[in-house]
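So the protein lines, in turn, are chains A and B.
Okay, so the first sequence: first residue is 0 according to numbering that gives the first Met the number 0, each after it adds one.
Okay, so the second sequence: first residue is 0 according to numbering that gives the first Met the number 0, each after it adds one.
It cannot be assumed that every hint is accurate.
Lysine to any residue pairs mimicking SDA-like chemistry, simulated, CA-CA at most 25 Å apart [unchecked claim]: (1) K118/A - T3/B; (2) K96/B - E8/A; (3) K293/B - G157/A; (4) K9/B - K19/A; (5) K9/A - G144/B; (6) K9/A - A107/B; (7) K96/A - L115/A; (8) K9/B - A204/A; (9) K146/B - S178/B; (10) K169/A - S291/B; (11) K22/A - E66/B; (12) K293/A - S291/B; (13) K293/B - Q207/A; (14) K293/A - K166/B; (15) K9/B - R92/A; (16) K166/B - L342/A; (17) K9/B - S119/A; (18) K19/B - G94/B; (19) K293/A - P309/A; (20) K9/A - G94/B; (21) K22/B - E111/A; (22) K293/A - K22/B; (23) K293/B - P191/A; (24) K293/B - A130/A; (25) K166/B - T334/A; (26) K318/B - L333/B; (27) K146/B - K166/A; (28) K166/A - I340/B; (29) K9/B - G94/A; (30) K17/B - A107/A; (31) K118/B - G94/A; (32) K22/B - L115/A; (33) K96/A - W4/B; (34) K166/B - L333/A; (35) K9/A - L115/B; (36) K9/A - R92/B.
Heads up, incomplete: computed chain A residues facing chain B, CB under 10 Å, no partners named [said to hold, decoys possible]: (37) F7; (38) A82; (39) T101; (40) G106.
Honestly, the hints are just simulated from the structure, not real lab data.
Note that the Cβ used here is the ideal one computed from N, Cα and C, for glycine as well.
Protein chains: 2
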Amino acid sequence: MSITWVEFEKLISSGNLKWKISKDDLPTPALILDLDIFDANLAKMACHLMAAGKAFRPHAKTHKTVEIAQACMDVGAIGTCTAKISEAEVFSRAGLKGLLVTTPLVGAWRIERAVLLAKSQPDTIFCADNASNVELLNQAASAAGIKLNIAIDLLVGGRTGSTPGEKSVKLAQQIHTASNLHFFGIQAFAGPCAHTLGFLERKKASEQSMGQAVETRWQIEKAGIPCPWLSGGSTGTYNIDSAIDGITEIQPGSFMFMDIDYSIIGGQADPQQFTDFGFALSVIATVFSKPSAKWAIVDAGFKAFSTDRPFPPQLRCGKVPFRWAGDEHGNLDLTQATQSIELGDRLEFLVPHCDPTVNLYDRIYGIRGSMVESVWNIAARGMIQ
Amino acid sequence: MSITWVEFEKLISSGNLKWKISKDDLPTPALILDLDIFDANLAKMACHLMAAGKAFRPHAKTHKTVEIAQACMDVGAIGTCTAKISEAEVFSRAGLKGLLVTTPLVGAWRIERAVLLAKSQPDTIFCADNASNVELLNQAASAAGIKLNIAIDLLVGGRTGSTPGEKSVKLAQQIHTASNLHFFGIQAFAGPCAHTLGFLERKKASEQSMGQAVETRWQIEKAGIPCPWLSGGSTGTYNIDSAIDGITEIQPGSFMFMDIDYSIIGGQADPQQFTDFGFALSVIATVFSKPSAKWAIVDAGFKAFSTDRPFPPQLRCGKVPFRWAGDEHGNLDLTQATQSIELGDRLEFLVPHCDPTVNLYDRIYGIRGSMVESVWNIAARGMIQ
Numbered sequence: 000m001s002i003t004w005v006e007f008e009k010l011i012s013s014g015n016l017k018w019k020i021s022k023d024d025l026p027t028p029a030l031i032l033d034l035d036i037f038d039a040n041l042a043k044m045a046c047h048l049m050a051a052g053k054a055f056r057p058h059a060k061t062h063k064t065v066e067i068a069q070a071c072m073d074v075g076a077i078g079t080c081t082a083k084i085s086e087a088e089v090f091s092r093a094g095l096k097g098l099l100v101t102t103p104l105v106g107a108w109r110i111e112r113a114v115l116l117a118k119s120q121p122d123t124i125f126c127a128d129n130a131s132n133v134e135l136l137n138q139a140a141s142a143a144g145i146k147l148n149i150a151i152d153l154l155v156g157g158r159t160g161s162t163p164g165e166k167s168v169k170l171a172q173q174i175h176t177a178s179n180l181h182f183f184g185i186q187a188f189a190g191p192c193a194h195t196l197g198f199l200e201r202k203k204a205s206e207q208s209m210g211q212a213v214e215t216r217w218q219i220e221k222a223g224i225p226c227p228w229l230s231g232g233s234t235g236t237y238n239i240d241s242a243i244d245g246i247t248e249i250q251p252g253s254f255m256f257m258d259i260d261y262s263i264i265g266g267q268a269d270p271q272q273f274t275d276f277g278f279a280l281s282v283i284a285t286v287f288s289k290p291s292a293k294w295a296i297v298d299a300g301f302k303a304f305s306t307d308r309p310f311p312p313q314l315r316c317g318k319v320p321f322r323w324a325g326d327e328h329g330n331l332d333l334t335q336a337t338q339s340i341e342l343g344d345r346l347e348f349l350v351p352h353c354d355p356t357v358n359l360y361d362r363i364y365g366i367r368g369s370m371v372e373s374v375w376n377i378a379a380r381g382m383i384q
Numbered sequence: 000m001s002i003t004w005v006e007f008e009k010l011i012s013s014g015n016l017k018w019k020i021s022k023d024d025l026p027t028p029a030l031i032l033d034l035d036i037f038d039a040n041l042a043k044m045a046c047h048l049m050a051a052g053k054a055f056r057p058h059a060k061t062h063k064t065v066e067i068a069q070a071c072m073d074v075g076a077i078g079t080c081t082a083k084i085s086e087a088e089v090f091s092r093a094g095l096k097g098l099l100v101t102t103p104l105v106g107a108w109r110i111e112r113a114v115l116l117a118k119s120q121p122d123t124i125f126c127a128d129n130a131s132n133v134e135l136l137n138q139a140a141s142a143a144g145i146k147l148n149i150a151i152d153l154l155v156g157g158r159t160g161s162t163p164g165e166k167s168v169k170l171a172q173q174i175h176t177a178s179n180l181h182f183f184g185i186q187a188f189a190g191p192c193a194h195t196l197g198f199l200e201r202k203k204a205s206e207q208s209m210g211q212a213v214e215t216r217w218q219i220e221k222a223g224i225p226c227p228w229l230s231g232g233s234t235g236t237y238n239i240d241s242a243i244d245g246i247t248e249i250q251p252g253s254f255m256f257m258d259i260d261y262s263i264i265g266g267q268a269d270p271q272q273f274t275d276f277g278f279a280l281s282v283i284a285t286v287f288s289k290p291s292a293k294w295a296i297v298d299a300g301f302k303a304f305s306t307d308r309p310f311p312p313q314l315r316c317g318k319v320p321f322r323w324a325g326d327e328h329g330n331l332d333l334t335q336a337t338q339s340i341e342l343g344d345r346l347e348f349l350v351p352h353c354d355p356t357v358n359l360y361d362r363i364y365g366i367r368g369s370m371v372e373s374v375w376n377i378a379a380r381g382m383i384q
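In isolation and in its complexed conformation, chain A is listed as follows (with noise of 0.2 Å):
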């Protein structure tokens, strides 16, 4: 330990932590990001989507932190997808363009603040998938004096969204001629393709799902309403929904960070592994007890990695199987472990799914080499309403 707490304490609330801790010295559980790993994943999306003629816009779902939607700009994104209008108040507040807010509006409070939004960020898209809540958007729309950019959240992923075909092109109309709002394309999002496994299958699964959002795209054109954009995608279809005509933009997020759950979708190039990205988010942990010469406990259970999927975290080096004890308790193997484990060992855990992880930690720890560079804290943390 190069300092103390105390001191430590006193440079995270100064701001002033660059280069003077290593990674080794961070209170565990940290989350930790490996910059040039993260730097690397940020620029080979954007440039494999510059390359096809794609927009960027990528999901903030994922990381939920200001300076991170901000790296992701600085690489040429177009703006920052939000799943909640909490989420996108926070980017708002930081004067972050080129909002959307991926999931539908329901309710008084929701849409007043939508409103409220868009007075502040004009250019901000917002997604409706029926013809009662588009009525009540141009209301609120109508009394604030404002246009709303309104797409239509289209039903590809068996979640949310207007039919596609007729009815769709029912409701395009519908908001293409709403006296306050702006009708501006389309919002497709495929989630099960995301994750299919094996590259083939999953080409397959989303050029379907994303087709009948293009087709949607020309009907809609057809009925003579302007229709320039349609968003979807995400990490695990990027090269593959990139490549299809009629889509204008893509916003992936687990690219950046990485998870377990992706790596296992299969890629291109190894059908069991998707190696496109590399994993620049991690957990530390410390083993805090040694009861016994067969198991060791880190100091790192339910609230410390998201638990949706079924497998545990991994060690990002060596083997040594981690199995879930509490919610403040992982259990390591010790009888199945290809390394030893001693009492206050540090170590780097993968996550088994960023977004939810993410989503437990107050702060980021961006690591260059072995040294902390930055300190984000994760504004948007807990901003699911």
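Here the structure of chain A is known, so what remains is to put chain B in place on it, guided by the hints.
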């Protein structure tokens, strides 16, 4: 909606929300606490333990909220358990006494923080489970010129701790003779017993595990070391451990909120259901999309509920199966619904596991009848270090 969003935000920041709005106004997903049920749960546990002659030190890893720790003290708790030092610091800053940090403190900064905490709250109890850690704690206390209260963390639950029997007698001796440590007693958490299905099976398991702790207590006393304190127990074993001679205090947490996980362990009266405590905690979610007659989507997914159990959230009233549909989405299967579900409906869900669910939220709304009586910041949320 009785007031606007802007008015709501003003009321929240002025701390003046009491009786101003109904729970049906709250932005969703909203974590709510039925205060009548909560009060009854607290009273029942406090009375039970008082009658059994056991001290009551509820675990704050469940609620992470200063006002709730205070509510426990108001009904007779002698202090507050926390899992981590960062959690304890929050309660210490709020002036709460009688803190017990239930996990061992390994690492230079954790020990430094323990010393700082003990300086401001000298009655805090810390735990240790091995000799080298005890030595480091003594060195730090000695350098600071204070005495630290150290209990042995005893291995009775297959997780952390010193092995019961001879080994722990030696550890007690080391703590007892250390210049700057005060040997406080034994902390023994038998994790697996808490959720053992069936009251009689649970009783057998807990009596066996906690029996080892009691036996170790007497062995330590026999070695001439005063060992007046033995803390353990859980919501699942509160009425088992409280009947065991030699245990001096019980440290339950979930009983105040309840969750699906505890409701299925079976009770003394009903082998299928554990009804000793009522469901005080729930999450309100809003139906924000109904793309088909077959399903509806609510605004609550992996970021609104814990996902560490093999079952999803459950509607408090009625039967509509919930299926996970992503970070921000829950899918209601309308083909099996016993009630109609419409766009904009607000639905109340019981949570699978209370502790990690509460840890996802920044505030908890206390509800009396249907009105909001209190808004509490979950001040130790995310404090896992």
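Review point. Hey, K9/B versus G94/A, does the alpha-carbon distance stay inside 25 Å?
Key: This hinted pair holds, its Cα atoms lying about 22 Å apart.
Check your understanding: Does the structure keep K293/A and P309/A at a Cα separation of 25 Å or less?
Key -> Given that 25 Å is the threshold and the Cα spacing comes to 24 Å, the pair holds.
Review point. Within 25 Å, alpha carbon to alpha carbon, are K17/B and A107/A?
Key: Holds, because 21 Å separates the two Cα atoms, which is no more than 25 Å.
Point to revise | Interface hint status, A82/A versus chain B (Cβ within 10 Å) | key: 5 Å, holds
**Study point:** Straight-line alpha-carbon gap K96/A to W4/B, limit 25 Å
**Key:** 23 Å, holds
Check your understanding: Does K166/B pair with L342/A here, judged by a C-alpha cut-off of 25 Å?
Key -> Distance of about 17 Å is within 25 Å: holds.
**Study point:** Hinted pair K166/B and L333/A, Cα distance within 25 Å
**Key:** Cα-Cα ~21 Å, so holds.
Review point. Can T101/A be said to touch chain B, with a Cβ gap under 10 Å?
Key: Cβ of T101/A sits 9 Å from chain B, so the hint holds.
Exercise for review: Against chain B, run the beta carbon of F7/A and see if the smallest gap drops under 10 Å.
Suggested key: Holds, because the Cβ-Cβ distance from F7/A to chain B comes to roughly 7 Å (cut-off 10 Å).
Point to revise | Restraint status (C-alpha distance of K169/A to S291/B at most 25 Å) | key: 17 Å, holds
Exercise for review: Given the hint that K318/B pairs with L333/B, test it: the Cα-Cα distance must not exceed 25 Å.
Suggested key: 10 Å, holds
Exercise for review: Measure nothing beyond the straight line between the CA atoms of K9/B and A204/A; if it is 25 Å or shorter, mark the hint as holding.
Suggested key: 47 Å, violated
In this structure, the earlier hints numbered 4, 8, 11, 12, 18, 22, 27 and 31 are contradicted, and the remaining ones agree with it.
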